[in-house]
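Line order of the protein sequences matches chains H and R.
Numbering of the first sequence is given in full-length UniProt numbering, commencing with residue 1 and proceeding in unit increments.
Numbering of the second sequence is given in full-length UniProt numbering, commencing with residue 1 and proceeding in unit increments.
There could be a bad hint or two in this list.
What the hints assert, rightly or not - Subject to a maximum C-alpha distance of 20 Å in a straight line, what follows is the list of computed SDA-like cross-link-like pairs (lysine to any residue): (1) Lys152(R) - Thr185(R); (2) Lys30(R) - Lys188(H); (3) Lys109(H) - Ala138(R); (4) Lys109(H) - Arg255(H); (5) Lys67(H) - Thr158(H); (6) Lys30(R) - Ala174(H); (7) Lys67(H) - Thr135(R); (8) Lys67(H) - Ala138(R); (9) Lys67(H) - Leu3(H).
Everything labelled a hint here was simulated from the structure, so no lab data went into it.
All of these numbers come straight from a predicted model, not from anything done at the bench.
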Amino acid sequence: MSLRTLPLLVINMGGEMLYILDQRLRAQNETDDKALRGFWSEEDRKRVLNDIVRTMFSKAFLEELMKPQDLYSHKALRCVLTRLAHTSIMRLNPASMDRLYDLMTMALKHQILLCPRPRDFLLISFNHIDAIREMVTDSPSLVNQINDAQRQIIEMYTPLSDGELQLMRQTLLALFQDFHIRVSIFLKEKIQNPDGRFVLSTSGPVPHGSEVPGLIRWFNSRGREVRRREFPSGGCYTSAVREGSFDISGDRVTRLGKNKYSATSAEDTRTSDTSKNTSKAKQESVGPNPLAKEELNLLAKLMGGMEVWSLAQADTGIRVNLFPTDEDDGGISVGTDEPSFGVINIQATKDHQANTELTRIAAEFTEQQDQPEGPSNKGDDLLAMMDDL
Amino acid sequence: KFLYNKPLSHHPNFNEMAKMYHKEKSIQIKSSASALYNNLSVLRIAPRCLTYFTVVHANVVNMVSASWDGLNYSHRQLQSKEGNVATSSSLIMQAAWCVLPSRDLLVLTSQKGIQMYESDGSIMVYWHALETPETPTAQAVFARGIAAVREKYICVGVSSGSVLVFDVPSKGSNITLSEVLEEHTEAITDMASECSGSMECIADLVSADDSGLLCVWKSGGDFQLLNKIPGFDTSCSSLKLWKGTVIAGYGTGQIRLYEGVTGILHAEVNAHARWIYSLDIAPFTGLLLSAAEDSLVRVWHLTITPETNSVEIEHLYNECVTDTQICGAKFCDGDGYAFAVTGYDLSEIIRYTQA
C-alpha cells in the first residue's frame, strides 16, 4: 500500500530495540550474581549503543530506506534489525533475537494502534528519536547525525495529508496483523488483555482536530447554525489537548514511543506466544519474494566493511544472561501448552576477528544452516545465512 | 416492518439506554479483517434465504454465505490477481457487491487492478489492470471506492483521483471501460450511488477523496458533474447518498449531511472520537449506521423531505465493541432490522438484531 513506511518502521523498531538493550546491559551491572556483575561496563554499554545508532542513522542506510518501496517482509525486517544489533561487539543468539523481535513488534503494534490520529505516529517516531539522541548525548557527531536524519524525516512526512498518513498506518497495521504475543509488562500495566489483544480506551482526550462526540448542529442555507442538540455518546471523552511539536525538538505531548523499560525488571519483558494465530502470522507467504534483491542490497551495504565474529569459535566468549530463566515464574502464568521461555544468552567477546569478505563468512556459516526451502539461488542463501546469525 | 424503543436521551450511561439491538451469534471467518475503510460488504439473496458477507484480509477476500435459519455456513476465499498471474500478493483495498437490475457482481479493488466476479464469487468475468508508473514514485497506486450506478454502470476510484466508469451488459463478460472522470486530484476513498430507489433524484453518484472533496455526478453516456463540495482538509473515508442527501463520514469522527446538487450543508454531527471507517443506510426506513476506530457503532434515524428541503437526524442507539477498532459495519437488510460489524484483527463477523 503506502510506499513511504519503511524509514519510520525501522527507526521505531530500532528505537524499541535500543531501549531494551540499554536496559538489559545496565541490568548486568546491577545483578546480584557476583560472577556476572561488571562484565558489561558503562563504557561497553555506551559503545554498543553508539555503534548501533551510528549505523541506524547513517546517510547510506537512511537513503536506502527512504526510496519509495513496499514494506519489507518480517523475515527481511528481522535480518536488518539483527544486523543492527550486531553492529557492535555484542552478539545475541537466535533465541534472544526472537524474544527481542517479539517485544519490539508488540510495542510498536501497541503504539500504532493507540495512535489517536495518524499524524501522531510522527510524534511517536520523534519520541523514539529524542530518546536515542539522549542515549548518545556524549557524542556530538552522533547527535549531529541524528539531527540530520530527523530533518529529512520532517521534510518527508510533515507535508503528507491525513489520508496519506492513515494509509501508512494501515500498511503498518497489515504488517502486525494477527500478532498477539503476550508481554509481561503490558499485561501488568493492563494495556494488554490475557488473550493478547490490546486494551482500547473509550475515554480521554479526543485527537487534535476532532471534537468531543455528542453534538448535532443544523445549518440554514446561508451556513448559519440554527439549532443544536446533544446525544448520549457513551464513553467519557474530553477536548483535545495541545498539539505536540513536529520540530527537531519540543514537547511531543504523547507518551507513546517513550522508553517504558527504564524502570522495569527483566521479568517484565517476558513474552509468550498465543498459539495458532501467531504461528500463522509468522509464516511467510509461499510465493517468491520480489523484494529479495532490494533487501539484499541494503544488507550487503551494512555488511560490507563490518567486522564479523565467527560463532564457530565461541569458546573465548563469556555467556551473559539477557533475560531470566523461567525457574521462578513470578506470577504471570500463561497457557499450559506454551513453550517455556528458556535462557537467553548474549555471547559476547571483546576479541574479534577482522573478516570482511562475504565469501569467507558464507563458508563459515554454511555447515550450520539448514537447506533453504523454495528456489535456491544466491539471494535466498544469503538471507538464510543471515537468519542463522 | 420494524419497531424500536426510543432511547432515554441525555442519559450519560449508554448501558442504561433501552436496548434497541441485541447481539446474535457471530460468524467465524477464515482470517482476520484488515484495517481498511468500508471493510464489510453484505448481499441479501431473498429467493434463496441466504446472506453473503465479504471481509478483506491482506490479499484475500473471505466470503461467507449464511442461511437465514442460522444452520448453514459456507466459505470461499478469493485472491487478488496480477498481470498474467492468477494469484498475487498484491493487497486488496476493498470488496463490494454491485447490485444492478439484471445481475449482481462482486468487485475487488487492489494495488494492481480491478476484478469483477459473478455474485457468488465462482467466476471472474472481468479484469482491469491499473496503469503503474515505470519508475516507482512515492505515490502509492491502488483502486478504492466502488459503486453500482443506475442500470448499467459500475464506478471504481483510483489513487490518482480518477474515477473509472465501466459499462456492464445485462449478462456475460463484455464489460468495457466507458469513461474516466478526472475531477479529484487526491486518492479516492469511497463512492456511493443514490440508494432510495426513487427515479426523481437528479444526482446518481457521489465520490470522495483524501482531501474531503465531494463530487456529485449524474450518470449517462457521459457522466455530468453536478457539483463539487470542497473538503475542510480532512479525509472523507465513507459515503452514502440517499434521497439526494450526501452523508459523509470523516477522519475527524464527524458526519456531515449535504444536499448533493446544491452543496448546502444541512447538519454536522460530532459523531465519533476517532476516524470513521464505515457508514451505511437502510433505504426503506432511513436508519443510518456509523462505525469508527473508537470501538463504537451508532444507529441514527434520518428523515429527509426533499420538497421542503428538510433534513432531520436523530441519534437512536450505541453499541460498543470492546477493544476493537471497527473497520466495517453494514445493515443486513433494507429496513435496518439487523446489522453486521467487522474489526481489525478480528476473525469474526459480529451480528446484531433488533430486540
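Hints and how they fare:
| no. | hint | result |
| --- | --- | --- |
| 1 | Lys152(R) - Thr185(R) | 26 Å, violated |
| 2 | Lys30(R) - Lys188(H) | 31 Å, violated |
| 3 | Lys109(H) - Ala138(R) | 24 Å, violated |
| 4 | Lys109(H) - Arg255(H) | 15 Å, holds |
| 5 | Lys67(H) - Thr158(H) | 17 Å, holds |
| 6 | Lys30(R) - Ala174(H) | 16 Å, holds |
| 7 | Lys67(H) - Thr135(R) | 11 Å, holds |
| 8 | Lys67(H) - Ala138(R) | 8 Å, holds |
| 9 | Lys67(H) - Leu3(H) | 8 Å, holds |
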